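These protein sequences, in sequence, are chains A and B. Numbering-wise (the working numbering), the first sequence opens with residue 386 and increments by one. Numbering-wise (the working numbering), the second sequence opens with residue 386 and increments by one.
One or more of the hints may lead you astray.
Since the list gives no way to pick out one identical chain from another, each pair is judged satisfied if it fits inside one copy or across any two copies.
Said to hold, decoys possible - List time: in silico DSSO-like cross-link candidates among lysine-lysine, alpha-carbon distance up to 27 Å:
{"no.": "1", "residue 1": "Lys774", "residue 2": "Lys880"}
{"no.": "2", "residue 1": "Lys470", "residue 2": "Lys676"}
{"no.": "3", "residue 1": "Lys467", "residue 2": "Lys520"}
{"no.": "4", "residue 1": "Lys676", "residue 2": "Lys467"}
{"no.": "5", "residue 1": "Lys788", "residue 2": "Lys554"}
{"no.": "6", "residue 1": "Lys554", "residue 2": "Lys520"}
{"no.": "7", "residue 1": "Lys460", "residue 2": "Lys478"}
{"no.": "8", "residue 1": "Lys554", "residue 2": "Lys478"}
{"no.": "9", "residue 1": "Lys419", "residue 2": "Lys583"}
{"no.": "10", "residue 1": "Lys502", "residue 2": "Lys520"}
{"no.": "11", "residue 1": "Lys467", "residue 2": "Lys502"}
{"no.": "12", "residue 1": "Lys696", "residue 2": "Lys800"}
{"no.": "13", "residue 1": "Lys787", "residue 2": "Lys444"}
{"no.": "14", "residue 1": "Lys419", "residue 2": "Lys460"}
{"no.": "15", "residue 1": "Lys554", "residue 2": "Lys502"}
{"no.": "16", "residue 1": "Lys502", "residue 2": "Lys470"}
{"no.": "17", "residue 1": "Lys696", "residue 2": "Lys880"}
Keep in mind that the hints were calculated from the coordinates and are not lab data. Only a predicted model underlies this, so the values are computations on that prediction, with no experimental measurement involved.
2 protein chains.
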Amino acid sequence: MKHLFTLCTMMLLTIINSNAQDLFANQRNAWLQKAEEAKPALHETIVHPQSIVRAVADKNAYQGWRFEKQDEIEKLYTTNFKELKTVTVDFGKHLTGYFSFHTRILTNCEDAPVRLKFTFAETPAELNTPFDPWKGSLSRAWMQDETITLTRLNETVSIPRRIAFRYLKIELLGSSAYYDFAIDNLTFRAVSSAGDVKTNLQPQCPPIVQDIHRVAIETLRECMQTVYEDGPKRDQRLWVGDLYLEALANRYSFQNFQLTKRCLYLFAGLSDENGVVIANIFEHPEPHPQKGQLCLTYSMLFNSTLLEYLKDTNDYETAHDLWCVARRQMEYALNYVNKDYLFDPNQYVSNWFFLDWRDGLDAHTPMQGAILFALSQSYELAQMLGKEKEVSEWPRIANRMKKAARRHLYDKQQKVFVSGANRQVSVLSQAWMIIGEVTTEKEGREAIQQVLTNEQSVMPGTPYGTHYLIEAMVRCGMHQEARSYLTEYWGGMVKKGADTFWEAYDPKNDFISPYGFFPVNSACHAWSCTPVYFIHKYPETFQR
Amino acid sequence: MKHLFTLCTMMLLTIINSNAQDLFANQRNAWLQKAEEAKPALHETIVHPQSIVRAVADKNAYQGWRFEKQDEIEKLYTTNFKELKTVTVDFGKHLTGYFSFHTRILTNCEDAPVRLKFTFAETPAELNTPFDPWKGSLSRAWMQDETITLTRLNETVSIPRRIAFRYLKIELLGSSAYYDFAIDNLTFRAVSSAGDVKTNLQPQCPPIVQDIHRVAIETLRECMQTVYEDGPKRDQRLWVGDLYLEALANRYSFQNFQLTKRCLYLFAGLSDENGVVIANIFEHPEPHPQKGQLCLTYSMLFNSTLLEYLKDTNDYETAHDLWCVARRQMEYALNYVNKDYLFDPNQYVSNWFFLDWRDGLDAHTPMQGAILFALSQSYELAQMLGKEKEVSEWPRIANRMKKAARRHLYDKQQKVFVSGANRQVSVLSQAWMIIGEVTTEKEGREAIQQVLTNEQSVMPGTPYGTHYLIEAMVRCGMHQEARSYLTEYWGGMVKKGADTFWEAYDPKNDFISPYGFFPVNSACHAWSCTPVYFIHKYPETFQR
Numbered sequence: 386m387k388h389l390f391t392l393c394t395m396m397l398l399t400i401i402n403s404n405a406q407d408l409f410a411n412q413r414n415a416w417l418q419k420a421e422e423a424k425p426a427l428h429e430t431i432v433h434p435q436s437i438v439r440a441v442a443d444k445n446a447y448q449g450w451r452f453e454k455q456d457e458i459e460k461l462y463t464t465n466f467k468e469l470k471t472v473t474v475d476f477g478k479h480l481t482g483y484f485s486f487h488t489r490i491l492t493n494c495e496d497a498p499v500r501l502k503f504t505f506a507e508t509p510a511e512l513n514t515p516f517d518p519w520k521g522s523l524s525r526a527w528m529q530d531e532t533i534t535l536t537r538l539n540e541t542v543s544i545p546r547r548i549a550f551r552y553l554k555i556e557l558l559g560s561s562a563y564y565d566f567a568i569d570n571l572t573f574r575a576v577s578s579a580g581d582v583k584t585n586l587q588p589q590c591p592p593i594v595q596d597i598h599r600v601a602i603e604t605l606r607e608c609m610q611t612v613y614e615d616g617p618k619r620d621q622r623l624w625v626g627d628l629y630l631e632a633l634a635n636r637y638s639f640q641n642f643q644l645t646k647r648c649l650y651l652f653a654g655l656s657d658e659n660g661v662v663i664a665n666i667f668e669h670p671e672p673h674p675q676k677g678q679l680c681l682t683y684s685m686l687f688n689s690t691l692l693e694y695l696k697d698t699n700d701y702e703t704a705h706d707l708w709c710v711a712r713r714q715m716e717y718a719l720n721y722v723n724k725d726y727l728f729d730p731n732q733y734v735s736n737w738f739f740l741d742w743r744d745g746l747d748a749h750t751p752m753q754g755a756i757l758f759a760l761s762q763s764y765e766l767a768q769m770l771g772k773e774k775e776v777s778e779w780p781r782i783a784n785r786m787k788k789a790a791r792r793h794l795y796d797k798q799q800k801v802f803v804s805g806a807n808r809q810v811s812v813l814s815q816a817w818m819i820i821g822e823v824t825t826e827k828e829g830r831e832a833i834q835q836v837l838t839n840e841q842s843v844m845p846g847t848p849y850g851t852h853y854l855i856e857a858m859v860r861c862g863m864h865q866e867a868r869s870y871l872t873e874y875w876g877g878m879v880k881k882g883a884d885t886f887w888e889a890y891d892p893k894n895d896f897i898s899p900y901g902f903f904p905v906n907s908a909c910h911a912w913s914c915t916p917v918y919f920i921h922k923y924p925e926t927f928q929r
Numbered sequence: 386m387k388h389l390f391t392l393c394t395m396m397l398l399t400i401i402n403s404n405a406q407d408l409f410a411n412q413r414n415a416w417l418q419k420a421e422e423a424k425p426a427l428h429e430t431i432v433h434p435q436s437i438v439r440a441v442a443d444k445n446a447y448q449g450w451r452f453e454k455q456d457e458i459e460k461l462y463t464t465n466f467k468e469l470k471t472v473t474v475d476f477g478k479h480l481t482g483y484f485s486f487h488t489r490i491l492t493n494c495e496d497a498p499v500r501l502k503f504t505f506a507e508t509p510a511e512l513n514t515p516f517d518p519w520k521g522s523l524s525r526a527w528m529q530d531e532t533i534t535l536t537r538l539n540e541t542v543s544i545p546r547r548i549a550f551r552y553l554k555i556e557l558l559g560s561s562a563y564y565d566f567a568i569d570n571l572t573f574r575a576v577s578s579a580g581d582v583k584t585n586l587q588p589q590c591p592p593i594v595q596d597i598h599r600v601a602i603e604t605l606r607e608c609m610q611t612v613y614e615d616g617p618k619r620d621q622r623l624w625v626g627d628l629y630l631e632a633l634a635n636r637y638s639f640q641n642f643q644l645t646k647r648c649l650y651l652f653a654g655l656s657d658e659n660g661v662v663i664a665n666i667f668e669h670p671e672p673h674p675q676k677g678q679l680c681l682t683y684s685m686l687f688n689s690t691l692l693e694y695l696k697d698t699n700d701y702e703t704a705h706d707l708w709c710v711a712r713r714q715m716e717y718a719l720n721y722v723n724k725d726y727l728f729d730p731n732q733y734v735s736n737w738f739f740l741d742w743r744d745g746l747d748a749h750t751p752m753q754g755a756i757l758f759a760l761s762q763s764y765e766l767a768q769m770l771g772k773e774k775e776v777s778e779w780p781r782i783a784n785r786m787k788k789a790a791r792r793h794l795y796d797k798q799q800k801v802f803v804s805g806a807n808r809q810v811s812v813l814s815q816a817w818m819i820i821g822e823v824t825t826e827k828e829g830r831e832a833i834q835q836v837l838t839n840e841q842s843v844m845p846g847t848p849y850g851t852h853y854l855i856e857a858m859v860r861c862g863m864h865q866e867a868r869s870y871l872t873e874y875w876g877g878m879v880k881k882g883a884d885t886f887w888e889a890y891d892p893k894n895d896f897i898s899p900y901g902f903f904p905v906n907s908a909c910h911a912w913s914c915t916p917v918y919f920i921h922k923y924p925e926t927f928q929r
C-alpha cells in the first residue's frame with residue numbers, strides 16, 4: 386500500500402512542519418517574483434452612459450424588475466438636479482473600473498454643500514431592492530452605494546472604490562434652496578487585462594449559441610484583471626476553482642496565457658507551510674492567501690490548471706518549476722483516501738470540499754471522482770514532464786479507488802451513484818464519477834439520464850456545478866443532451882437579460898443566493914464563463 | 386435737502402451702471418491682491434479623543450441629551466469593532482479641521498470591505514437626533530455624517546471635508562464574518578488662524594465671567610480661519626455682520642489684525658457694480674460674493690469695521706485706500722431714507738434688513754437707528770481721514786433723522802419706540818435708537834427697562850441681536866443691568882454645557898432654530914463671541 390506509506394510520510398511532514406519548517410521556503414520568493422513579472426497592464430476604455438432609464442416592476446422580468454428608456458442622457462446633463470431628484474442611467478453593458486462625474490452650477494452661487502447617493506448595480510433588481518435592513522451573510526459593504534458630500538461644485542469628483550455595474554442610480558439627499566446645479570459628464574474608466582478576442586465562431590453557429598458565447602466572453606473579460614478574479618463586484622479575488630475554468634475559456638478567446646502563468650506562480654508562492662495550495666489569494670497590499678482557507682477540490686485543480694497551461698503554451702520551464710507543487714497537492718489529497726480507497730473527510734486537518742453552492746449536497750461520492758480526476762490529470766502532467774517514476778503508485782491508487790467506487794457507491798438497481806450515509810442521489814455524484822472515469826460511457830449516460838429525470842435528485846445550484854455536468858455529458862457521449870442543457874441553462878440567463886453570466890442560477894428560482902440575500906450575488910462571475918470553452922472545444926456539438 | 390440731491394445722483398448712477406459700468410473697476414484687482422497677501426497661515430494642532438462616552442437622555446440636559454464617560458479610549462483601539470458596533474467618542478473640546486483614522490486587522494485577513502458611518506456633532510443632541518427625514522430649510526448636506534466603504538484595511542483614511550465638532554459616533558454598517566478588526570488612532574488636525582491670546586483677565590474676575598470669556602475665546606478661535614467665518618460647521622463663510630463683531634472681539638484677544646484687513650479688502654474687491662458691499666463672500670475656488678445677497682445692515686457695518694480697524698492699527702494707508710468704499714456704502718444706505726427722514730424699505734432695489742433671527746421682528750425702527758449709527762461711524766472715519774468736507778451733509782441728515790425718529794417712532798405714553806404699521810414694541814427698536822443716539826441716556830434706560838419687563842415685547846432671538854442690546858445698555862449707563870443680562874444670557878449657555886457659543890439661543894426654548902430644525906444650527910457661531918469685547922472694553926463693569 387504505497388499510498389499509505391505516503392500518508393505516513395505526510396504525517397511525519399506535518400509534525401516537522403509544526404516546528405515551522407516550510408516545504409517551499411527556498412522557492413517562494415522566486416515564484417512570487419515570477420508572478421510579479423507576469424502581472425499584466427490593464428487596458429482602459431472610457432465609457433459614458435447611453436440613456437436615462439425608468440424602473441418597471443414586472444413579474445415576468447428576471448427578479449421582478451426591468452428598465453426601459455425614459456430620456457436622452459442630455460436631459461440629465463442640462464436639467465437642474467433639484468428638479469430631477471432621482472435619475473437612473475444605463476451604461477449599456479457591464480463594466481468594471483472607476484467612476485467620475487462633474488457638477489455644474491446653473492444659477493447663483495454655491496452657498497451650501499450637496500449630498501448625493503450613487504448606487505451602482507449589475508442588474509435591475511439589485512438597483513430596486515432596498516439593501517437595508519441587511520439580510521445577507523456576507524459584508525453589507527459589498528453593495529455599491531456611496532453617499533457623497535460635495536463641498537465644492539463645478540469640479541470633477543471620482544469615487545475611489547472600483548465598481549462593477551451596468552446601471553447607476555443618482556439620488557439627491559441634500560441641497561440648497563439658493564442655487565441650482567446639474568450633474569454632467571458621467572464617465573467610467575473601464576479596466577480589463579483581457580485584450581482582444583483571438584477566435585471566431587463558425588458562421589452557421591445558431592443565434593442562441595452566439596448570444597451565449599458573447600455573454601460568456603464579456604463575463605471572462607470583466608473578470609480578467611491583474612489576476613483572474615472570481616467576480617469584479619464580489620469577491621474580487623483569485624480562487625483556484627475559478628482560475629481553472631477561466632483558463633479553459635481563455636484558451637478559446639483572449640489567449641492571455643501570461644495571466645494564467647501569473648496566477649499559478651501566485652498560488653505556488655503562497656502555498657502553506659506544508660506546500661498545500663490555499664484556495665484563494667488577495668493581491669493587496671501585497672499578494673497573500675486567505676490563511677486557513679483550505680479547499681481540497683481547489684488545491685487539486687491547481688494541477689489541472691498547470692497541465693492545461695503546459696498544453697497551451699509548451700512552457701516546460703514553468704511546468705518543471707512548479708511540478709513539485711503539483712505533486713505535493715496530489716500527495717496531500719491522498720490523505721483523504723482511507724484504507725478502503727474511499728474518500729474520507731474526517732482525516733487530519735479541517736478542510737472544505739467545495740463542489741457547488743447547493744444546500745445539502747453530499748460531498749462523499751463527488752469527491753471520490755474529483756480525486757480520481759486529479760490523479761489522472763496529475764499523472765498526465767508527470768508523464769509530459771518525464772516524472773512518472775516519482776509517482777508510479779498513482780495509477781494503482783486510481784484503479785483501487787475506481788473499484789471501491791463501483792463497489793461501495795454504485796446502486797445497481799437505480800443505476801446511479803449514491804453519496805453519504807443517506808445515499809443521496811445528486812447530479813454531481815454522477816458527473817464526477819464520469820469525469821473520474823469510474824463508469825463506462827454507457828453507465829454514465831444511464832446515470833445522468835436517471836438523475837435528470839428524477840425530480841428528487843439534488844441539482845447543481847450554480848454554473849460552476851453545471852460546468853462539470855456538461856463536461857461529464859460530453860465525456861460519455863451525450864453531445865445532443867449537453868448542447869440542449871447548455872443552451873437551456875446559459876441561454877436561460879441570456880433570455881432573462883444577462884449581460885454577463887451569474888454566480889448562481891437556478892432556472893426555477895430567480896432569487897437563489899448562497900448568501901441569504903440575492904443582491905449580494907455576483908452577476909458577473911468567472912466560473913460561469915465556460916460556454917466559451919465548450920463551444921470552441923466541441924464545435925461539432927455546439928456550433929451547428 | 387442735500388441728501389435728496391444725493392438720491393438723485395444715486396439714481397443716475399444706477400442707470401449708468403445698468404450699462405455695465407463698474408464703479409470700482411480700476412481698484413478691484415489691487416484690493417483682491419492685497420486680500421490675498423494678507424491671507425493667514427493656519428496653525429495646526431493634532432488632537433486625539435479623550436474617552437468613549439455614552440449618550441444619556443435627560444430632560445434636564447440642554448436639548449434633552451448629555452454624555453457621560455463610559456470607557457477609556459484604549460478600549461476602542463483594542464477591541465474588535467464588530468463587538469462594539471457603535472461607539473461615541475468625546476474629543477474634549479470643539480475642534481475645526483480634518484479627521485483621520487486607522488484600521489487594524491485583528492484576526493485572519495481581509496476578505497471583504499467594511500462599511501462605516503461617521504457622524505460628527507457639535508452638541509450631544511445633534512448626535513442623538515435622527516437627521517432623516519430632513520426637516521431643515523437649509524441643505525441636509527451641512528450635517529456631518531459620512532458613510533465610508535473601506536476596501537483596504539490596515540491603512541489610515543482621511544475624510545476630505547472639513548469638520549467642526551466635539552463628539553464623534555462611529556457605527557458599523559457592514560463587515561465580514563471572516564475577520565475581526567479594530568479602529569484606532571483617531572486623529573484630528575485642528576486648524577485656526579487665531580494664534581495665541583494676547584490679553585488677560587483681571588485676577589478677581591468672577592468665575593462665571595471667566596467661563597463666558599473662555600467659551601467666547603474658543604468660539605472666536607474656531608471661526609478664525611483664512612477669513613473670519615460665521616460658523617465653522619455652517620455656513621463656513623465671511624459675512625460683514627459677523628466680521629464686525631469678530632473684529633471687535635479680536636482686538637481684545639488674538640489681535641490678528643491682518644485677518645481683518647484681508648476681509649475688508651475682500652469685501653471691497655467683491656462689491657457689486659454699484660460699489661455696494663455684498664453681505665457675504667466665499668473663498669473657493671476663488672473669492673467671490675453671493676451675488677444679489679444685499680443686506681443693508683451689513684453693508685453699513687463695513688464702515689464700522691474699517692473705522693475700528695483704523696483705530697486698532699493706525700493703518701491709514703488701508704483706510705485711505707478703502708475710504709471710497711465706505712463713502713459709497715453710506716451714500717447707498719441713504720437711498721433708504723425718505724423725504725420725512727425715515728427709513729423706508731420700499732425704495733429702489735430689493736434688499737435685506739437683517740437685524741436678528743426672530744420671527745416677526747419689524748425692521749423699521751431698528752433700521753432707523755442702524756443708519757444713524759452708520760452715519761456717526763462713517764463721519765468719524767471721514768474726520769480721521771480728513772475727508773469730512775466730502776460728506777458734510779451727513780451730520781445734518783443725522784440730526785433730521787433723529788428728530789424724525791423722536792417725532793414719529795417714539796410712543797411718549799409707553800416711553801418706548803415702536804416700529805412699523807402695527808407699532809411693534811421690540812427690544813431691538815430700543816437698542817438701535819440708543820446706539821443711533823436718538824435718545825438721552827435716561828430715555829434709553831427707561832425704554833430698555835420697559836421692554837424687558839413687558840412680556841409682550843419682541844425679544845432678541847440670537848446672541849447677534851443680544852449683542853446690540855448689551856451695547857445699548859452700556860451706552861445708556863445700565864452697567865449693572867448689562868452685566869446681569871450678559872452673564873445670564875451667555876452664562877446660561879455655559880451652564881447648559883456650551884463649549885462654544887451658539888448661533889441661536891433663547892433661554893426659554895432650547896430648540897429655537899432659524900432653519901426649521903435645530904441640528905442644522907451652528908453651535909459655534911462668530912456673532913456670539915462678543916462677550917470677549919464687552920468684558921475687556923468695560924472691565925469695571927464685567928470683571929468685578
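Results for each hint:
For the identical chains of this complex, Lys774 and Lys880 are neighbours neither inside a copy (51 Å) nor across copies (88 Å), given an alpha-carbon limit of 27 Å. Taking the shortest Cα distances, Lys470 and Lys676 sit within 27 Å of each other only across copies (25 Å), while inside one copy they are farther apart (46 Å). Proximity of Lys467 to Lys520 under the C-alpha cut-off of 27 Å is restricted to the inter-copy arrangement: shortest distance 16 Å between copies versus 32 Å within a copy. Taking the shortest alpha-carbon separations for Lys676 and Lys467, only the inter-copy value of 20 Å comes in at or below 27 Å, while the best intra-copy value is 49 Å.
Taking the shortest alpha-carbon separations for Lys788 and Lys554, neither the intra-copy value of 58 Å nor the inter-copy value of 64 Å comes in at or below 27 Å. With identical chains, the CA atoms of Lys554 and Lys520 are at most 27 Å apart both within one copy (21 Å) and between copies (24 Å). Taking the shortest alpha-carbon separations for Lys460 and Lys478, only the intra-copy value of 21 Å comes in at or below 27 Å, while the best inter-copy value is 47 Å. Taking identical chains as interchangeable, the C-alpha atoms of Lys554 and Lys478 lie at most 27 Å apart only when both belong to the same chain, with a minimum of 15 Å there against 39 Å between chains.
When the C-alpha separation of Lys419 and Lys583 is checked against a cutoff of 27 Å, the pair qualifies only within one copy, where the shortest distance is 25 Å, while the shortest distance between copies is 64 Å. Taking identical chains as interchangeable, the C-alpha atoms of Lys502 and Lys520 lie at most 27 Å apart whether they share a chain (21 Å) or sit on different chains (19 Å). With identical chains, the CA atoms of Lys467 and Lys502 are at most 27 Å apart both within one copy (13 Å) and between copies (25 Å). Proximity of Lys696 to Lys800 under the C-alpha cut-off of 27 Å is found in neither arrangement, the shortest distances being 36 Å within a copy and 106 Å between copies.
Taking the closest pair of Cα atoms, Lys787 and Lys444 never come within 27 Å of each other, the shortest separation being 48 Å inside a single copy and 78 Å across copies. Taking CA atoms no more than 27 Å apart as the test, Lys419 paired with Lys460 passes in neither setting, with 50 Å inside one copy and 43 Å between copies. In this assembly of identical chains, Lys554 and Lys502 lie within 27 Å of each other by CA distance both inside one copy and across copies; the values are 8 Å within and 21 Å between. Proximity of Lys502 to Lys470 under the C-alpha cut-off of 27 Å is found in both arrangements, the shortest distances being 11 Å within a copy and 23 Å between copies.
Taking the shortest alpha-carbon separations for Lys696 and Lys880, neither the intra-copy value of 35 Å nor the inter-copy value of 81 Å comes in at or below 27 Å.
Hint check: violations occur at hints 1, 5, 12, 13, 14, 17; the rest are consistent with the structure.
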